[in-house]
Amino acid sequence: MQIDQFNSFEQAASKASVLFYYRGDVSQAVISTMGDTLRGRLTYMDAKGSTSRKLFSSFIETMQNALQYSQELPDSPGQRIGSVSVGTIDDQFFIVCGNIIENKYQARISEKLDSIARMNSEEIRAAYREQMKNDSSDDTISKGAGLGFLTLARDSSAPLQYAMFDVPEHEGDLSWFYLRVVI
Amino acid sequence: MNIYHAAAGELPEVDFEFDKHVLSMKGEAFPENANIFWDPLLATLEEYLKATDDADIVANFRLSYFNSASVKKLYAMFGMLNESACKNNRVTLNWYHEEDDDTMQSFGSDLSEDFPVLDCRVIAEAV
Numbered sequence: 001m002q003i004d005q006f007n008s009f010e011q012a013a014s015k016a017s018v019l020f021y022y023r024g025d026v027s028q029a030v031i032s033t034m035g036d037t038l039r040g041r042l043t044y045m046d047a048k049g050s051t052s053r054k055l056f057s058s059f060i061e062t063m064q065n066a067l068q069y070s071q072e073l074p075d076s077p078g079q080r081i082g083s084v085s086v087g088t089i090d091d092q093f094f095i096v097c098g099n100i101i102e103n104k105y106q107a108r109i110s111e112k113l114d115s116i117a118r119m120n121s122e123e124i125r126a127a128y129r130e131q132m133k134n135d136s137s138d139d140t141i142s143k144g145a146g147l148g149f150l151t152l153a154r155d156s157s158a159p160l161q162y163a164m165f166d167v168p169e170h171e172g173d174l175s176w177f178y179l180r181v182v183i
Numbered sequence: 001m002n003i004y005h006a007a008a009g010e011l012p013e014v015d016f017e018f019d020k021h022v023l024s025m026k027g028e029a030f031p032e033n034a035n036i037f038w039d040p041l042l043a044t045l046e047e048y049l050k051a052t053d054d055a056d057i058v059a060n061f062r063l064s065y066f067n068s069a070s071v072k073k074l075y076a077m078f079g080m081l082n083e084s085a086c087k088n089n090r091v092t093l094n095w096y097h098e099e100d101d102d103t104m105q106s107f108g109s110d111l112s113e114d115f116p117v118l119d120c121r122v123i124a125e126a127v
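Chains A and B, in that order, give the protein sequences. Residue 82 in the numbering used here sits at position 82 of the first sequence, with consecutive numbering throughout. Residue 88 in the numbering used here sits at position 88 of the second sequence, with consecutive numbering throughout.
It is worth saying that the hints were derived from the structure and are not from the lab. Errors might be hidden in some of the hints.
No farther apart than 20 angstroms at their CA atoms in a straight line, the calculated lysine to aspartate or glutamate pairs in the DMTMM-like style are these [unchecked claim]:
#, chain 1, residue 1, chain 2, residue 2
1, B, Lys26, B, Glu125
2, B, Lys72, B, Glu46
3, A, Lys48, B, Glu99
4, B, Lys20, B, Asp53
5, B, Lys72, A, Glu171
6, A, Lys48, B, Glu98
7, A, Lys104, A, Glu171
8, B, Lys72, A, Glu130
9, B, Lys50, B, Asp19
10, A, Lys48, B, Glu28
11, A, Lys48, B, Asp101
12, B, Lys26, A, Asp36
13, A, Lys48, B, Asp102
14, A, Lys133, B, Asp39
15, A, Lys133, B, Glu83
So these bits of chain A aren't anywhere near chain B, every CB distance computed over 12 angstroms [unchecked claim]:
#, residue
16, Gln5
17, Ser8
18, Gln11
19, Ala13
20, Leu19
21, Thr37
22, Glu61
23, Glu102
24, Asn103
25, Ala107
26, Glu111
27, Ala117
28, Glu123
29, Leu150
30, Ala163
Chain A stretches covered by chain B per the calculated footprint, using a threshold of three residues with CB under 8 angstroms from any CB of chain B [unchecked claim]:
#, segment
31, 44 to 58
32, 127 to 134
Backbone N, C-alpha and C fix where the C-beta goes; we use that ideal spot for every residue, glycine too.
So that you can see chain A by itself, here it is in the shape it has in the complex:
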């Protein structure tokens, strides 16, 4: 990256009210460190207790989801790339998180998120309670992802938004999966 590219990047981040942005290997250590940083920032900004708790919870859920389900890129084995941006929008906060998935999971993820999008807050709460009792930890691709999305939907003040885009040079096999939460 050239300095002028970096400058455009920085200006775009500033314009989008980004508090922080990360792209790279995702690990529990990275998640915990960023989580602590986020909490420190929220305390400094004097955010309400409930906002701070929901934002922290959503941050952990999105990042752990990225960590668990992210697909390694064939040309960089061993790396689980994720990217995340946290920032402010009016008097709220947003989290946008991205990770790479295999295309065969697209339909399943869309189905889950589309069904949550049709629920009102009561239905989300009921579905969360139902999912919590469902001890199906053997299912390796779902592994409670349903409950993770429901946790995000419960805490988000706007419907969850998501999108999938081709990974350049891996069209047809891999996609970037982006998820956006507003607290």
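Using the hints, position chain B against chain A.
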């Protein structure tokens, strides 16, 4: 047989004093791999409950946050306590939450609805 783990990063403090029938947990639980943290606790608890009869068991839980992978395990743990209370022990669950934490408060009320045999008390504490 007692279990004690100090709180560490994404793991809560665990103080299961089986000899006193007092099971306490405090802090935050968001391990990356929920099975590694929770399964040994559940296994030991199950063993303890099997070997315990006619006891007054008190569970003190002060959790301020847990991730979605942990919630199922927590729920399973309370299910085991409820089952034991149906059979041969008396179990009190004190579910403490910060007074302005609606999420933890409603989780506590959900527990008391779902596990009616537990003597479940949802207790607000000032921060």
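Hint by hint, here is what the structure shows:
{"no.": "1", "hint": "B:Lys26 <-> B:Glu125", "result": "holds, 13 angstroms"}
{"no.": "2", "hint": "B:Lys72 <-> B:Glu46", "result": "holds, 16 angstroms"}
{"no.": "3", "hint": "A:Lys48 <-> B:Glu99", "result": "holds, 13 angstroms"}
{"no.": "4", "hint": "B:Lys20 <-> B:Asp53", "result": "holds, 13 angstroms"}
{"no.": "5", "hint": "B:Lys72 <-> A:Glu171", "result": "violated, 36 angstroms"}
{"no.": "6", "hint": "A:Lys48 <-> B:Glu98", "result": "holds, 13 angstroms"}
{"no.": "7", "hint": "A:Lys104 <-> A:Glu171", "result": "holds, 12 angstroms"}
{"no.": "8", "hint": "B:Lys72 <-> A:Glu130", "result": "holds, 10 angstroms"}
{"no.": "9", "hint": "B:Lys50 <-> B:Asp19", "result": "holds, 14 angstroms"}
{"no.": "10", "hint": "A:Lys48 <-> B:Glu28", "result": "holds, 19 angstroms"}
{"no.": "11", "hint": "A:Lys48 <-> B:Asp101", "result": "holds, 11 angstroms"}
{"no.": "12", "hint": "B:Lys26 <-> A:Asp36", "result": "holds, 18 angstroms"}
{"no.": "13", "hint": "A:Lys48 <-> B:Asp102", "result": "holds, 13 angstroms"}
{"no.": "14", "hint": "A:Lys133 <-> B:Asp39", "result": "holds, 16 angstroms"}
{"no.": "15", "hint": "A:Lys133 <-> B:Glu83", "result": "holds, 15 angstroms"}
{"no.": "16", "hint": "Gln5", "result": "holds, 34 angstroms"}
{"no.": "17", "hint": "Ser8", "result": "holds, 35 angstroms"}
{"no.": "18", "hint": "Gln11", "result": "holds, 34 angstroms"}
{"no.": "19", "hint": "Ala13", "result": "holds, 27 angstroms"}
{"no.": "20", "hint": "Leu19", "result": "holds, 20 angstroms"}
{"no.": "21", "hint": "Thr37", "result": "holds, 14 angstroms"}
{"no.": "22", "hint": "Glu61", "result": "violated, 6 angstroms"}
{"no.": "23", "hint": "Glu102", "result": "holds, 21 angstroms"}
{"no.": "24", "hint": "Asn103", "result": "holds, 25 angstroms"}
{"no.": "25", "hint": "Ala107", "result": "holds, 22 angstroms"}
{"no.": "26", "hint": "Glu111", "result": "holds, 18 angstroms"}
{"no.": "27", "hint": "Ala117", "result": "holds, 18 angstroms"}
{"no.": "28", "hint": "Glu123", "result": "holds, 15 angstroms"}
{"no.": "29", "hint": "Leu150", "result": "violated, 8 angstroms"}
{"no.": "30", "hint": "Ala163", "result": "holds, 22 angstroms"}
{"no.": "31", "hint": "44 to 58", "result": "holds (count 6)"}
{"no.": "32", "hint": "127 to 134", "result": "holds (count 4)"}
Against the hints set out earlier in the document, violations occur for numbers 5, 22, 29.
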